[in-house]
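*Asks:* Sequence:
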Amino acid sequence: EAIQREALEEIAIDINHYPGEFIPIRGYRIAAQEFPEKNIFDHEVQDVSFFLSDLRIEQLVLQQEEIFAILEFHIQDILDLFSDQQKQIRNLSGLTFDQNSRMVSYIKPWSKNDFVATADLYFGKAAFIAHRILLGERNFPGI
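In this note's numbering, the protein residues as written are 1147 to 1289.
Hints listed in this document are in silico derivations from the structure and should not be mistaken for laboratory results.
You may find that some hints are simply not true.
[Claimed, not checked] Taking lysine-lysine and the BS3-like style, the derived pairs with C-alpha atoms no more than 25 Å apart in a straight line are:
#, residue 1, residue 2
1, Lys1258, Lys1233
2, Lys1233, Lys1254
3, Lys1233, Lys1184
4, Lys1271, Lys1258
5, Lys1254, Lys1271
6, Lys1184, Lys1271
[To be verified] If you anchor each label on the Cβ, the simulated ranges turn out as follows:
#, residue 1, residue 2, range
7, Glu1156, Gly1288, 17 to 25 Å
8, Asp1244, Gln1222, 18 to 26 Å
9, Ser1229, His1189, 26 to 34 Å
10, Ala1215, Asp1188, 15 to 23 Å
11, Ser1257, Leu1201, 34 to 42 Å
12, Ile1186, Pro1165, 33 to 41 Å
We put the beta carbon where it would ideally sit given N, CA and C, even for glycine.
Kindly produce the complete structure, drawing on both the sequences and the hints.
*Replies:* Now the structure itself:
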């Protein structure tokens, strides 16, 4: 499946053989990002799933061509940010690449404007579902 292929390609984790729970979300997410000044028109139909495991970002091997950084946040901080309870939050941990293509720590303050803008507030909704998953829920109508 595409999700397993992308996880292996982008972060070098084979979720078919790593202990954890794969949680698909029903339906599809329609995403459109357009930057005409850069001649970028990205329209996608996306499957959304969660993988609940004890993986830590330090275990991941990022593909520099695919990923700028990987970040860990408290779920409540993301919820607070996207419900306008906080103007800025700080990630708990993160990795990115330095000028020599080495993975280095990447921790900084983040505002909503630092996330890819989405009309559907995707990151806030994803954090809400992640919170519900940690409370034991597994059945969601979509994202």
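*Asks:* The structure should be examined with respect to each hint, and the outcome stated for every one.
*Replies:* A quick look at each hint next to the structure:
1. Lys1258 with Lys1233: 8 Å, holds
2. Lys1233 with Lys1254: Given pair lysine 1233, lysine 1254 holds - Cα atoms ~14 Å apart, limit 25 Å.
3. Lys1233 with Lys1184: Measuring from Cα to Cα gives roughly 29 Å; hence the hint is violated.
4. Lys1271 with Lys1258: 13 Å, holds
5. Lys1254 with Lys1271: Holds - the C-alpha atoms of lysine 1271 and lysine 1254 are around 22 Å apart, at most 25 Å.
6. Lys1184 with Lys1271: 28 Å, violated
7. Glu1156 with Gly1288: 17 to 25 Å: 24 Å, holds
8. Asp1244 with Gln1222: 18 to 26 Å: Since the Cβ atoms of aspartate 1244 and glutamine 1222 sit about 30 Å apart, the hinted range of 18 to 26 Å is violated.
9. Ser1229 with His1189: 26 to 34 Å: Given a distance of about 28 Å, which is inside 26 to 34 Å, the answer is holds.
10. Ala1215 with Asp1188: 15 to 23 Å: At roughly 19 Å between Cβ atoms, aspartate 1188 and alanine 1215 fall inside 15 to 23 Å, so the hint holds.
11. Ser1257 with Leu1201: 34 to 42 Å: For serine 1257 and leucine 1201 the Cβ distance comes to about 27 Å; the hint is violated.
12. Ile1186 with Pro1165: 33 to 41 Å: Holds - the Cβ-Cβ distance for isoleucine 1186 and proline 1165, about 38 Å, lies within 33 to 41 Å.
Consistency note: the structure conflicts with the earlier hints numbered 3, 6, 8, 11.
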